[in-house]
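There are 2 protein chains.
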Amino acid sequence: MLDDERCPDCKRINEVLSRVGDRWSVLVVISLAEYGTMRFNELKRNLGISQRMLSLTLKELERDGLVNRTYHPTIPPKVEYNLTEMGLSFREPVSALGFWALENLSRIDAARETYDEAVVK
Amino acid sequence: MLDDERCPDCKRINEVLSRVGDRWSVLVVISLAEYGTMRFNELKRNLGISQRMLSLTLKELERDGLVNRTYHPTIPPKVEYNLTEMGLSFREPVSALGFWALENLSRIDAARETYDEAVVK
DNA sequence: CGGAATCCGCCGTGATACTG
DNA sequence: CAGTATCACGGCGGATTCCG
Chain A
1 MLDDERCPDC KRINEVLSRV GDRWSVLVVI SLAEYGTMRF NELKRNLGIS QRMLSLTLKE
61 LERDGLVNRT YHPTIPPKVE YNLTEMGLSF REPVSALGFW ALENLSRIDA ARETYDEAVV
121 K
Chain B
1 MLDDERCPDC KRINEVLSRV GDRWSVLVVI SLAEYGTMRF NELKRNLGIS QRMLSLTLKE
61 LERDGLVNRT YHPTIPPKVE YNLTEMGLSF REPVSALGFW ALENLSRIDA ARETYDEAVV
121 K
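Protein chains in written order, with full-length UniProt numbering: chain A, 1 to 121; chain B, 1 to 121.
A couple of the hints might just be wrong.
[Said to hold, decoys possible] So these bits of chain A aren't anywhere near chain B, every CB distance computed over 12 Å:
| hint | residue |
| --- | --- |
| 1 | R23 |
| 2 | G36 |
| 3 | S55 |
| 4 | T74 |
| 5 | I75 |
| 6 | P77 |
| 7 | E80 |
| 8 | W100 |
[Unchecked claim] Computed footprint of chain A on chain B; a stretch qualifies when at least three of its residues, placed anywhere within it, have a C-beta under 8 Å from a C-beta of chain A:
| hint | stretch |
| --- | --- |
| 9 | 54-65 |
| 10 | 70-83 |
| 11 | 103-113 |
In short, the hints are calculated from the structure, not lab data.
Don't be surprised by glycine CBs; every beta carbon is placed ideally from N, CA and C.
Whole structure, please, built from the sequences with the hints as guidance.
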């Protein structure tokens with residue numbers, strides 16, 4: 001329901017954000033970027049994510065071409081995940097965002113304190 | 001419920017994403033960055049956002065110190081919003097993300113098509 | 001081990017109506 | 001014009017169970 005005439009890029013921006021704005025997706029990408037290749041339960045333990053959400057998230061990331069999935073039909077089964085080239089390139093802007101955030105967290109906290117103090121009256 | 005021992009940064013990353021991962025917040029910041037100063041209904045029309053969500057979003061952004069709110073007690077009332085210095089600096093990493101997205105949208109679409117085709121069997 | 005399927009509570013979001 | 005308040009709905013996400 002966005003006004004395309006006054007904000008022609010909003011639709012694309014929204015499409016982007018709905019893809020990359022997901023909390024779990026970004027965390028999975030960051031983990032894979034840091035550790036290289038990881039197994040399903042390895043990611044699960046590392047992120048504290050539920051099986052359901054990890055499964056859904058990985059499926060989406062694989063569908064979007066950000067993550068490779070390798071299935072080893074052993075017993076017990078073994079499935080490994082790692083980033084594709086696009087997944088790796090995606091990490092750059094995300095890292096920039098994370099870096100900005102870490103740099104400004106204290107400023108944000110201070111601003112909140114000031115704001116809350118003024119609101120309570 | 002994140003495992004701090006195996007992923008000590010996850011908590012902070014989550015905190016960051018919950019702040020900047022919001023769809024409307026980012027769109028508001030981008031609009032203000034592009035147009036400078038805007039009024040409430042101007043933002044509303046421009047983004048196609050509901051009154052409720054715009055009100056909540058602006059309040060959060062002001063609380064976090066990213067947006068300045070200026071109230072003119074005229075009749076009818078007039079309220080203007082613009083970015084703070086931190087809000088302006090926030091735009092850089094967000095723009096990087098948007099730029100990456102625009103560059104890779106076609107690749108993502110292609111990956112989805114391939115994936116979907118393979119899944120349907 | 002790596003999922004898929006089901007159930008269900010919570011809440012983000014929009015629509016609507018009201019206020020100053 | 002710039003909000004606030006209320007309601008109703010859809011979907012995200014966790015817990016649980018079952019399967020290959």
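Here is what the structure says about each hint:
no.	hint	verdict
1	R23	violated, 5 Å
2	G36	holds, 15 Å
3	S55	holds, 14 Å
4	T74	holds, 23 Å
5	I75	holds, 25 Å
6	P77	holds, 19 Å
7	E80	holds, 18 Å
8	W100	violated, 4 Å
9	54-65	holds (count 4)
10	70-83	violated (count 0)
11	103-113	holds (count 7)
Of the numbered hints stated above, those contradicted by the structure are hints 1, 8 and 10, listed in ascending order.
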